[in-house]
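Could you build all of it, start to finish, from the sequences and the hints given here?
There are 4 protein chains.
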Amino acid sequence: MELGLIGLGKMGGNMRERIRRAGHTVIGYDRNPDLADVGSLKELVDTLAAPRVVWIMVPAGGPTQSTVDELAELLSPGDLVVDGGNSKWTDDKKHSEELAAKGIGFVDAGVSGGVWGLENGYALMVGGSVENVAKVQPIFDALKPEGDYGFVRAGEAGAGHFAKMVHNGIEYAMMQAYAEGWELLEAVPEVTDVREIFRSWKEGTVIRSWLLDLAVNALQEDEHLTGLRGYADDSGEGRWTVEAAIDHAVPLPAITASLFARFSSRQEDSPSMKMVAALRNQFGGHAVTDASGRVAKEHKTPGA
Amino acid sequence: MELGLIGLGKMGGNMRERIRRAGHTVIGYDRNPDLADVGSLKELVDTLAAPRVVWIMVPAGGPTQSTVDELAELLSPGDLVVDGGNSKWTDDKKHSEELAAKGIGFVDAGVSGGVWGLENGYALMVGGSVENVAKVQPIFDALKPEGDYGFVRAGEAGAGHFAKMVHNGIEYAMMQAYAEGWELLEAVPEVTDVREIFRSWKEGTVIRSWLLDLAVNALQEDEHLTGLRGYADDSGEGRWTVEAAIDHAVPLPAITASLFARFSSRQEDSPSMKMVAALRNQFGGHAVTDASGRVAKEHKTPGA
Amino acid sequence: MELGLIGLGKMGGNMRERIRRAGHTVIGYDRNPDLADVGSLKELVDTLAAPRVVWIMVPAGGPTQSTVDELAELLSPGDLVVDGGNSKWTDDKKHSEELAAKGIGFVDAGVSGGVWGLENGYALMVGGSVENVAKVQPIFDALKPEGDYGFVRAGEAGAGHFAKMVHNGIEYAMMQAYAEGWELLEAVPEVTDVREIFRSWKEGTVIRSWLLDLAVNALQEDEHLTGLRGYADDSGEGRWTVEAAIDHAVPLPAITASLFARFSSRQEDSPSMKMVAALRNQFGGHAVTDASGRVAKEHKTPGA
Amino acid sequence: MELGLIGLGKMGGNMRERIRRAGHTVIGYDRNPDLADVGSLKELVDTLAAPRVVWIMVPAGGPTQSTVDELAELLSPGDLVVDGGNSKWTDDKKHSEELAAKGIGFVDAGVSGGVWGLENGYALMVGGSVENVAKVQPIFDALKPEGDYGFVRAGEAGAGHFAKMVHNGIEYAMMQAYAEGWELLEAVPEVTDVREIFRSWKEGTVIRSWLLDLAVNALQEDEHLTGLRGYADDSGEGRWTVEAAIDHAVPLPAITASLFARFSSRQEDSPSMKMVAALRNQFGGHAVTDASGRVAKEHKTPGA
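Chains A, B, C and D, in that order, are what the protein sequence lines are.
According to our numbering, the first sequence is numbered sequentially starting from 73.
According to our numbering, the second sequence is numbered sequentially starting from 73.
According to our numbering, the third sequence is numbered sequentially starting from 73.
According to our numbering, the fourth sequence is numbered sequentially starting from 73.
It is worth saying that the hints were derived from the structure and are not from the lab.
Errors might be hidden in some of the hints.
Identical copies carry no separate label here, and so any pair may be met within one copy or between two of them.
Below, in silico cross-link-like pairs of lysine-lysine (BS3-like), each with a Cα-Cα straight-line distance of 30 angstroms or less [as the list claims (entries may be wrong)]:
1) K82 - K207
2) K174 - K274
3) K160 - K174
4) K274 - K160
5) K274 - K114
6) K165 - K114
Here it is, written out as structure tokens:
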């Protein structure tokens, strides 16, 4: 079938390649003319035969919103928009309604796979009506991994991104699990070969997984990860997972702990621990250290 | 080679079978005479040719301790004891020294694999001197999965059980990760097929793993797990992992959250939340409910 | 001065009383005619002399929004609205702008004090321009406790409710702190008089506080809180605190743990722990219990 | 009455002063001859009239153990030892039995009050038999604050230090509560005067406490705590609280989060977050930064 694809960055470019390998026609648009097959969104829409399917693969938030807005003007009733970016699931409902008012269908697709997706396939979690999802199914089949898994219609519009968001929340906690275990093993002198322990876990253990394989790869390159800073960004899905949990009164202690560990990793110094240090000094006369590490105050006399 | 194996329960019995399949001779002892090849520890020791290797596979704590004590009396210098049970790693050092005083070697082996080990092999994490570990290597090779993984010498005595303990700590947090994600998905009405989402995750996702496969199996049998209580025991390794972390000042927020979730799951009612409810009533006149769920107090007047 | 007060429930009624005791004129409106001084919002506005100050003390969300909407129609340029309810701070900005478009001022006031406020005074955290806050200052002075504390202008519109929200977040974690300590003391048989320990802490300790005094009161009435269920609602501010923290990438582990403990306290059974139980059964053949507590499955055979 | 006091550091010296002010005789010993009233433990024991009461106020662990050992040799049946240091409660049972074997009594006393105790009195939590506690009661009465609170016999030997340990666990979480709230307020630009908010909370709020007063003092000296590092030691009781909770399967999420926050505050870089960063790079090609903060790797090609 024929697909319009907007956004040809790292993910979008690889996806175009994988869809084409499956025999479909992809017309790609990107603000960067070196990547694009057409020069404008309008040209993209004009090139596609109706009923059109246009897949948006641009950053969540403003860029996705403005693309949806433009497509609402350019497309015709019976056309369909797929948002395959990392949109917040609450945006999907809004986009779905905005497009429905013009007779345009909407499907949201959470896409997992990262840099490995081109070869191994992308796991897809999609939301939308059964009819709309069916219209994109050949593309989903091209993108997904071979075999029985890697694709699910999770519910109506928004459910795809919701499922992908929870996937990422689980991912945060799994990464944190391995990371905590690794830190503890590295901290104990009696354990002499942590890298080899991780390597051994690849078979026969309860905790074998693809993430474990990646951890083994990383340790192969840098046994004690000395070349890295303990600094981890977050792309939004972890935050949204915790927010959704709060909305539904669902306790998520491990996932939230993983999110907070990332927040802490990005702080040069912890404001809250400054307060704890200040309080300890106030009541106990515990030494506190100033910004340069020198002892700043000690044996505070009460009332002084 | 020839091995004495003490403890022929679920794990020990399967391990005897796997070792025999590999062509080794196993003489098994168990308090239950229906399972045992010999009638006593003494008979076991007398039957084995020196230098002997005796593998203990009995519950951690008292049973393991008394078995080590008896073997210390029965075995000869040059013999070797393997503790393959779930012993706390600090016990290993004690046992190692106790046996060394008699010229008897010691190796600790953390064994993972559960009910799947007989067919798939057991992952082994062992601690002890290089020489002692080498003496048991043929047995380790018989037990481990085929291929390059599933066995590691983690360090000196105790390091095997330490690595296995951390493995289990990681396992707790991974299970909690999937469990939290599942609960959140089940809580949101827009997501209509949680089981199918889990099934789809088996390929192409970042979170694919053996535990995920097991979750899919469990949901296949009981889509919403309605037949189960939310009750989870813990076998000790999770607690020891947190204790070891505290000893080394290593923060383990996700693993500890997972342990505490298990503790909470076993409480009929939460004492701490009784106190929170009592405090809310004291300052805010918030309604509190008695044990039967009826509103017990409301609109408390201060001073009354 | 003269004040219009909308909402004469538990809080609003006591506040009217305290303001009147300070010599001010309060004209109260409530949907319940038994509580009200006037029969309608319009009558309230007509009764007050311009420039008017009208204090809203109704539930957050819909009721506050509709009251703001009505006042926007009824009031005149130069009048001022105070929202003293538990509104989310992001609503304040919206209300402030909506009213400013009509020339009406806005101040948000977070009010703490619960059932004790009438006698002891209410702590007030307010947001709004310096001029607008000054117009309400006599009322604030009447409501606040005597002495140097209990009132703050925290910033522009929204900052008052934000400060009150954080106050409540801190409150959650403090209550959880005492609750956890109490549960641990009650769990240890060597500690024979937990109530007396809490009572003793009222002087000389680092942890003495008003909340501790309330805990002592609660234990005085019911030594082991046997008459209560471990069930705690949350009124929203705790959730918003965590959401605000996530928006600003601030780690709040203790406050969030306290919120999640409340969520858990309200679950009859934990879905996530059902999944953990299911996983344990899958890999280890651990016994699981069904809803009635009977052992439902054990020694699962792999592949069966 | 007459008391022997061993250890005249910051705490011990102030306690000697407070006991003397109450009219009792204190004979103090310290390794530092400038502080001591006698030259040796033997001289201390010889100077006191039987039956003697000797209060140990030296660091927990080795120093306390060796002092108990020496006193076991020097004292006579009918004498009594009080351990007022920060001993782990499990040590108390051992010391109690060791001394009981010589006919010497034992009482453990958890002491709170820090640098403020000399003037305000020390809160005391004591463990031991009713008879033994009664023998020290005049000293306890001298040390405790005036009024009805500040002293409790918490149970048999060990219960005093256990209660003090839990006190400190609660203290950790309360400090963390204020610290988290403070950090969040400081992070939000709309809130313009965080110090004044804290000051206002001293009256009329639910969260007013002595620790809050200390926080206000600290902010008075340094509004944004810019002179401090976010670094907090821990003196052991927090760790023991979590260990005791684990032993009794009591979930302590807020207290444990507070302990882990201190651990993290002392790490130059987080090993676990290095692993998280490494994993993110492996699967997503996310940029990682090296130790100097430069981007070290990006857009990793799979298989490369």
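Comparing the hints with the structure gives:
1. Taking CA atoms no more than 30 angstroms apart as the test, K82 paired with K207 passes inside one copy only; the shortest distance there is 25 angstroms, against 52 angstroms between copies.
2. Proximity of K174 to K274 under the C-alpha cut-off of 30 angstroms is found in neither arrangement, the shortest distances being 52 angstroms within a copy and 37 angstroms between copies.
3. Only within a single protomer do K160 and K174 lie at most 30 angstroms apart by alpha-carbon distance; the minimum there is 22 angstroms, versus 35 angstroms between protomers.
4. Taking the shortest alpha-carbon separations for K274 and K160, only the inter-copy value of 23 angstroms comes in at or below 30 angstroms, while the best intra-copy value is 34 angstroms.
5. For a Cα distance limit of 30 angstroms, the shortest separation of K274 from K114 qualifies neither inside one copy, at 50 angstroms, nor across copies, at 39 angstroms.
6. Within a single copy, K165 and K114 get their C-alpha atoms as close as 25 angstroms, which meets the 30 angstroms cut-off; across copies the closest is 39 angstroms, which misses it.
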